[in-house]
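Please model the entire structure based on the sequences and the hints provided.
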Amino acid sequence: MLEDKMLLWKFRHGSNDAFRHIYDKYKNDLLGLAIALSHDRTAAEDALQDVFVSFAQRADKLHLKTSLKSYLSTCIANKVRDIKRKKSIQTVELDQAGQISTDGDQPDTLVMSAEQSAQIEYAMAQLPYDQREVIFLHLHSGMKFREIAESQNVLLNTVLSKYRYGLEQLRSQLNGKVESWKTQRISKD
Amino acid sequence: MENSENIERLIKAFCTDKNSSARTTEQLDEKILNAALSAREEYKRTQSAQTQPKIWRIAMHSKLTKLAAAALIALAAIIGINQFAGGSVTFAQVIEPILNARTVILDYVIGEEGEGPEIHDIVIGSRIRRTMSNIDMTMILDPRVRSTLSNMDMTMILDLEDARMLTLVSLGVTKIASYNDIQGTGQESLLSVLDFVRNVVSEVKDNPDADIQDLGEKEINGQKAVGFYVKGLSRELTIWANKKTSLPIRIEFAEGKTSTVVIKNIEFDVPLEESLVSMEVPAGYTLKDTFLHIEDTAPDNLPEEQLDLSNATEEDLVESLRIWAEIILDGAFPDAIGTDHFMKQAYVLGYKLASLGLPDSEMEQFPKGMIFLQEFEFGGKWGYAGKGVKLGDADKIILWYQPQGSNTYRAIYGDLRVAEVAEEDLPK
Chain A
252 MLEDKMLLWK
262 FRHGSNDAFR
272 HIYDKYKNDL
282 LGLAIALSHD
292 RTAAEDALQD
302 VFVSFAQRAD
312 KLHLKTSLKS
322 YLSTCIANKV
332 RDIKRKKSIQ
342 TVELDQAGQI
352 STDGDQPDTL
362 VMSAEQSAQI
372 EYAMAQLPYD
382 QREVIFLHLH
392 SGMKFREIAE
402 SQNVLLNTVL
412 SKYRYGLEQL
422 RSQLNGKVES
432 WKTQRISKD
Chain B
679 MENSENIERL
689 IKAFCTDKNS
699 SARTTEQLDE
709 KILNAALSAR
719 EEYKRTQSAQ
729 TQPKIWRIAM
739 HSKLTKLAAA
749 ALIALAAIIG
759 INQFAGGSVT
769 FAQVIEPILN
779 ARTVILDYVI
789 GEEGEGPEIH
799 DIVIGSRIRR
809 TMSNIDMTMI
819 LDPRVRSTLS
829 NMDMTMILDL
839 EDARMLTLVS
849 LGVTKIASYN
859 DIQGTGQESL
869 LSVLDFVRNV
879 VSEVKDNPDA
889 DIQDLGEKEI
899 NGQKAVGFYV
909 KGLSRELTIW
919 ANKKTSLPIR
929 IEFAEGKTST
939 VVIKNIEFDV
949 PLEESLVSME
959 VPAGYTLKDT
969 FLHIEDTAPD
979 NLPEEQLDLS
989 NATEEDLVES
999 LRIWAEIILD
1009 GAFPDAIGTD
1019 HFMKQAYVLG
1029 YKLASLGLPD
1039 SEMEQFPKGM
1049 IFLQEFEFGG
1059 KWGYAGKGVK
1069 LGDADKIILW
1079 YQPQGSNTYR
1089 AIYGDLRVAE
1099 VAEEDLPK
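Protein chains in written order, with my numbering: chain A, 252 to 440; chain B, 679 to 1106.
None of these hints come from the bench; they were simulated from the model.
Even glycine gets a Cβ: it sits at the ideal position worked out from N, Cα and C.
Treat the hints with care, as some may be off.
[Claimed, not checked] Distance windows between CB atoms, simulated:
(1) B:S1084 <-> A:V405: 34 to 42 Å
(2) B:D1013 <-> A:Y416: 22 to 30 Å
(3) B:R687 <-> A:A365: 34 to 42 Å
(4) B:S716 <-> A:D275: 13 to 21 Å
(5) A:K312 <-> B:T938: 30 to 38 Å
(6) B:P1081 <-> A:D275: 34 to 42 Å
(7) A:S266 <-> B:E952: 52 to 60 Å
(8) B:E683 <-> A:K256: 30 to 38 Å
(9) A:G393 <-> B:P1105: 34 to 42 Å
(10) A:P379 <-> B:A717: 28 to 36 Å
(11) A:G393 <-> B:D1008: 30 to 38 Å
(12) A:S266 <-> B:P1105: 27 to 35 Å
(13) B:P1105 <-> A:Y416: 51 to 59 Å
(14) A:N279 <-> B:E1098: 34 to 42 Å
This is the structure:
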């Protein structure tokens, strides 16, 4: 966090290198979050660009209450929500799931199979957007529930409810699949 | 049925999986960075134009700026006109308009012509409308404001009878008026530069022993002129007059030991609108009581400018230390710390922050941390050992304090992390 503060401070002083450093540090995480939320790589890239343009413009006025990563993640979530509202992004169909964001896939590093990933992606896509957002901000970006509540200007309990309902729905959709994946992995090993 | 923890683990794994495949391309990086950095440049340009009212507040509510502005305006108001006393001569035609004209337009240059500041006076009776040129008025401003401005215009209407001055300042789109009492400079000695010349001429006129020398002729700005050197009781003048009209066209005198004042472009009894020297605030200007007090009696903290220094925390102290080391001392912690040291450094910080174009928040942060420290400075247990320590030195404790009711100390290290430390582990 201190490093981020220093980078932000340097950028405010006019260091474009500091800005590049911040961008390089978070670009992939943020792109991943944007893709997860939007299911649309093009929309995700647009969101990433909009967020960094806005961040560059407002850096002087920025008062970070949380970490820079949390701040940028919140911006991505807000931006995706805007884009979604404008483009009326629909939830993906199962046959589309898994085709998204697979550019540059590196099989060696994957923890789960493409099928498993597609199933989860499909299940996530069935969630109401606000529940998906809370889940991803917490589990993908590591934001605390309190930070999410503050960034969305809602009560902590509202965030916790969305999270809980979201997980409940995922559990219901993925019911039984996780165990079978575990079994498959054990048998492969 | 999956439990919540399993689902959370699954989603985390999914996120890790997706992240590993979510990579930006070089083209995307270049596109985003170019867009962002260009947007920042554009934003900075438009902001400087849009934030002038704020700039005004920054400019004029700094005590240092107020003092600088006061000094400049006071100087401009009284320069060359309040340090003499009052004699007769045979060149009556030349001095007649000097002595009797009700309206005069003149310019005078202090120092070398073309280099020194030029003051333009329109004199109507006992009032003067004064403007200045060839002087960077913005020098009185905070550097961060100065860099954003192309011009700052200031007009002063001086009422020498009532010893009041109406100052009109135009700073970009912002127009501010203020009344200033100029009695402090000595009302009885408040004279226009024309009054000064009149006084010297009068001294000579009434003194049969006065030294008056004919300097012959020379051409001044295409006009044939005749010159007179006049030595009064206290001052001496050189007056050049148009050979045909006998009207003075140039007057020179020494100002102090090294500087000269040249009065030129003189016109007498020109029909002028009285409104030019009106002491009413013109339309479009906002009257500010607090813009400037020559005696600097204005309160420093105006309600709208008060900093929020409430609820100072340890984090603020850490931030103050970072600013002190990083901005003021280029990476080193100060030799000593405390309110008195802070007071000495505040302006250095102010100008450093200003020159770097940093936002007000950095200015606010610095004193806030010092306020937190004051809680311990006056009566609490604390210590400082930052002398010689560089910012980032993780092994050295630079500052420690004992929170109320605690048996241990909060210690701040050179890398600005904070830890609980027992008394025996503190620097000796």
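Results of checking the hints against the structure:
Checked against the hint of 34 to 42 Å, the C-beta distance between B:S1084 and A:V405 comes to roughly 36 Å, which is consistent with it. Between B:D1013 and A:Y416 the beta carbon distance is about 58 Å. The supplied range of 22 to 30 Å is therefore violated. In this structure the supplied range 34 to 42 Å is violated for B:R687 paired with A:A365, their Cβ-Cβ distance being about 19 Å. At about 18 Å, the beta-carbon gap between B:S716 and A:D275 stays in the expected band of 13 to 21 Å.
Restraint check, A:K312 to B:T938: a C-beta distance of roughly 50 Å breaks the suggested window 30 to 38 Å. Roughly 39 Å separates the CB atoms of B:P1081 and A:D275, a value that falls within the hinted 34 to 42 Å. In this structure the hint that A:S266 and B:E952 lie 52 to 60 Å apart at CB holds, the actual value being about 57 Å. The hinted range of 30 to 38 Å is satisfied by B:E683 and A:K256, whose Cβ atoms lie roughly 34 Å apart.
Our hint of 34 to 42 Å for A:G393 and B:P1105 holds, since their Cβ atoms are close to 36 Å apart. Between A:P379 and B:A717 the CB atoms are about 33 Å apart, so this pair conforms to the stated range of 28 to 36 Å. For A:G393 paired with B:D1008, a C-beta distance near 35 Å keeps the hint of 30 to 38 Å intact. Between A:S266 and B:P1105, the C-beta spacing of about 34 Å keeps the proposed range 27 to 35 Å intact.
Separated by about 54 Å at the C-beta atoms, B:P1105 and A:Y416 satisfy the suggested range of 51 to 59 Å. Checked against the given bound of 34 to 42 Å, the beta carbons of A:N279 and B:E1098, roughly 37 Å apart, stay inside it.
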